[in-house]
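Trainee: Line order of the protein sequences matches chains A and B. For the first sequence, full-length UniProt numbering assigns the number 1 to the initial residue and increments by one for each residue that follows. For the second sequence, full-length UniProt numbering assigns the number 1 to the initial residue and increments by one for each residue that follows.
The hints are simulated quantities; they were obtained by calculation from the structure and are not laboratory data. Heads up, a few of these hints could be off.
[As the list claims (entries may be wrong)] With beta-carbon atoms standing in for the labels, derived distance ranges:
hint, chain 1, residue 1, chain 2, residue 2, range
1, A, 308, B, 173, 36 to 44 angstroms
2, A, 67, B, 173, 38 to 46 angstroms
3, B, 147, A, 174, 50 to 58 angstroms
4, A, 277, B, 215, 39 to 47 angstroms
5, A, 406, B, 173, 48 to 56 angstroms
6, B, 135, A, 372, 46 to 54 angstroms
Note that this is a predicted model, so its numbers are computed, not measured. A virtual CB, placed ideally from N, CA and C, is assigned to each residue, including glycine.
2 protein chains.
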Amino acid sequence: MVQTNEFAHRMASKTIKLVDKEGYPVAGKEVTLNLTNHKFLFGCGIFDAIEVANKIVPADRLAFQENKLEKFLDVFNSATLPFYWGTFEPEKGKPRTNELKAAAQWLKERNVTVKGHPLCWHTVTAPWLLDMSNEEILKSQFDRIERDVTDFKGLIDTWDVINEVVIMPIFDKYDNGITRISKDLGRVGIIKEMFAKTREFNPGATLLLNDFNTSINYEILIDGCLQAGISIDAIGIQSHQHQGYWGREKLEEVLDRFSHFGLPLHFTENTLTSGHVMPSEIEDLNDYQIPEWPSTPEFEERQAKEVEEMYSILFKHPQVEAITTWSFSDDGAWLGAPAGFVRKDNSPKPAYEVLKKLIKGDWSTNVKCKTDDNGMVSFEGFLGDYDLVCGDKKRSFKLDKVAETVQITI
Amino acid sequence: MVQTNEFAHRMASKTIKLVDKEGYPVAGKEVTLNLTNHKFLFGCGIFDAIEVANKIVPADRLAFQENKLEKFLDVFNSATLPFYWGTFEPEKGKPRTNELKAAAQWLKERNVTVKGHPLCWHTVTAPWLLDMSNEEILKSQFDRIERDVTDFKGLIDTWDVINEVVIMPIFDKYDNGITRISKDLGRVGIIKEMFAKTREFNPGATLLLNDFNTSINYEILIDGCLQAGISIDAIGIQSHQHQGYWGREKLEEVLDRFSHFGLPLHFTENTLTSGHVMPSEIEDLNDYQIPEWPSTPEFEERQAKEVEEMYSILFKHPQVEAITTWSFSDDGAWLGAPAGFVRKDNSPKPAYEVLKKLIKGDWSTNVKCKTDDNGMVSFEGFLGDYDLVCGDKKRSFKLDKVAETVQITI
């Protein structure tokens with residue numbers, strides 16, 4: 001049963017008045033109310049949707065990928081698609097817009113909310129920026145935002161506008177166009193420009209600042225942005241835990257520090273592996289290159305426990321509105337880590353089953369009840385989209401915190 | 001001789017036309033041009049001025065203190081006076097305004113520019129704030145700024161407005177009123193409020209943000225402040241080096257990172273000791289409590305070398321406009337460290353002599369020249385106040401970067 005107190009912020013009560021086409025109450029009828037889509041965003045990075053939507057891989061690979069996406073769709077309602085400038089537009093003027101549009105469309109048709117990641121980042125950025133002056137780089141970055149945000153409006157209305165700004169101007173692994181302009185503009189300056197440009201071309205979109213840095217650096221940066229009048233819709237927090245689960249204490253401490261701004265929090269890039277833990281002395285996760293990083297039964301059990309605890313803590317926190325696990329599958333996972341909910345052969349790990357039970361079971365709403373003499377039925381459930389089934393008829397409605405009574409005609 | 005290239009930013013050329021009372025050129029006369037006061041601020045924390053100006057100590061102590069201040073005045077032209085709320089106004093409504101005014105006046109009469117330190121800080125703040133609501137604390141802090149900035153206007157026109165904001169809201173050594181309100185306002189928010197209030201009551205003052213944190217935390221904080229429209233006149237950088245001299249590399253790295261904002265830099269609290277180095281494992285310098293921290297001949301030589309190198313690097317940097325050594329004397333020095341230019345008995349250490357030679361010798365201007373047939377004489381010198389001596393006559397003028405020719409009547 002639902003523990004009402006813990007999840008009060010995720011729920012609402014609603015009274016439905018069921019009427020027939022003539023407007024008469026449908027009294028004494030049994031109805032079923034099923035949550036079909038959570039308001040909360042349970043997501044994954046699911047770049048595989050590009051291959052499936054565009055059918056650009058051989059038949060056996062396509063079948064494998066379709067099977068993967070089926071398992072994804074069974075549990076999740078949110079997806080991140082890649083807009084890394086360097087891979088999205090490797091050659092200037094030839095963006096992969098059509099392929100990405102097909103993927104976003106494919107997901108949208110399946111009730112999945114899509115986020116684009118990212119519009120501005122110093123890593124995997126367009127290599128051809130290096131031939132430009134800083135003024136030209138900035139103009140190209142603006143043009144890129146204008147083009148892509150406009151092209152995807154309606155399909156993608158959530159953007160990681162700018163990624164990893166804490167390190168951006170001091171990133172020194174290699175020269176790149178974005179680090180160059182971030183030095184000119186300053187951290188808050190570049191955020192301000194990128195948010196303004198994105199907002200200009202999709203005023204209603206949900207715009208995120210995203211970082212892996214969860215120290216007070218990021219807190220001060222957010223503070224500065226808000227005081228500078230930048231309207232950030234959600235704070236994006238990366239949590240790649242290849243070096244071991246943060247644990248409840250650190251997680252709650254991070255939540256405490258970042259909830260302080262009163263903004264929604266999105267856990268944008270979560271990783272909990274089902275393999276051995278990356279040594280703690282590795283500073284940049286990208287430096288850990290090993291030939292094989294196996295998923296083992298023992299560590300799959302650990303991953304399942306960690307996923308259960310972490311998702312539960314986040315789902316209970318009133319300001320968290322989204323959790324994205326970065327790799328749905330071990331197949332193609334970042335750093336070759338066994339970071340997925342499914343193994344390389346698409347077989348679900350315990351973490352998949354545990355999370356499915358939470359999202360589709362414990363945190364879902366499926367109730368049967370009978371309308372009273374006035375055709376009324378009241379219930380409490382998790383926020384989101386619902387189907388009302390009465391006999392052979394089915395109607396959809398939304399459970400939100402707004403109106404308490406809604407009339408449905410069947 | 002002056003190395004013109006290195007110090008070009010500290011110098012100017014000027015042509016003086018010397019005329020007599022009737023306006024006729026004073027031709028073929030020998031004149032001496034002496035720098036009497038640097039534009040650059042060479043300062044110390046010199047809280048001892050309170051005892052001397054107010055004569056509130058026994059005669060022998062007073063004589064000792066007067067001797068100390070004489071040595072200070074021989075070299076320095078800038079002083080920091082203490083405005084710690086907890087000691088300035090230990091009992092609400094009874095501030096030590098008169099004592100501090102006397103000290104500021106005493107220093108001003110001796111051509112010393114005085115800075116007040118600080119208007120807002122979580123350490124040594126008024127203990128009676130703890131009995132107030134956060135709203136009342138904020139109001140008291142505003143009132144304090146209004147009162148003190150107004151009372152000292154003309155005597156003190158440079159303020160460390162707010163101190164150590166990076167740590168302020170997470171300072172957890174003990175409860176205090178300022179940490180409380182900084183949590184409410186946020187870091188940039190409290191800086192904004194304090195700067196606005198200080199500016200309101202002394203619009204022409206030089207207002208500093210000051211911190212010991214020289215990490216990117218402080219960079220991001222400054223970035224946020226500037227983007228939020230806070231007009232900071234100078235960035236204050238503390239450099240208490242009880243744990244060893246930073247060295248050229250770190251110093252230049254700090255200069256590089258903080259000069260990036262294009263603002264003047266003030267080294268507000270410098271310490272280089274003539275004793276053993278505090279162990280590096282001490283995180284909060286205040287935790288290092290030892291019965292005796294001797295100044296030794298060996299370490300005095302080291303201190304002199306470090307002072308020479310550090311002051312030279314800073315004086316060469318075009319954005320540095322002030323260096324304050326925190327303890328002029330070992331007598332009463334913070335943490336009991338041998339941090340002064342003079343020992344506990346007022347005898348000058350080698351560092352004193354080295355710095356005196358730089359400030360009053362290498363970096364000073366004292367030239368003799370002869371006026372031409374038109375009464376003209378041209379020279380290049382360090383910026384600041386000058387005396388022109390011609391025979392038994394003496395006139396003062398200012399050497400600045402503004403006008404190239406000035407007429408002086410003798």
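Trainee: Assuming the hint says 39 to 47 angstroms, is it satisfied by the Cβ distance from residue 277 of chain A to residue 215 of chain B or not?
Mentor: 28 angstroms, violated
Trainee: With respect to the beta-carbon atoms only, verify the hint that residue 67 of chain A and residue 173 of chain B lie 38 to 46 angstroms apart.
Mentor: Given a distance of about 58 angstroms, which is not inside 38 to 46 angstroms, the answer is violated.
Trainee: Starting from the range 50 to 58 angstroms, see whether the pair residue 147 of chain B and residue 174 of chain A falls in it by beta-carbon distance.
Mentor: Hint holds: Cβ distance 55 angstroms, inside 50 to 58 angstroms.
Trainee: For the hint 36 to 44 angstroms, verify it against the beta carbon of residue 308 of chain A and that of residue 173 of chain B.
Mentor: Because 38 angstroms falls inside the window, the suggested range holds.
Trainee: Should the hint that residue 406 of chain A and residue 173 of chain B are 48 to 56 angstroms apart at their CB atoms be regarded as holding?
Mentor: 55 angstroms, holds
Trainee: Within 46 to 54 angstroms or not, the Cβ separation of residue 135 of chain B and residue 372 of chain A?
Mentor: 51 angstroms, holds
When held up to the earlier numbered hints, the structure conflicts with 2 and 4 and fits the remainder.
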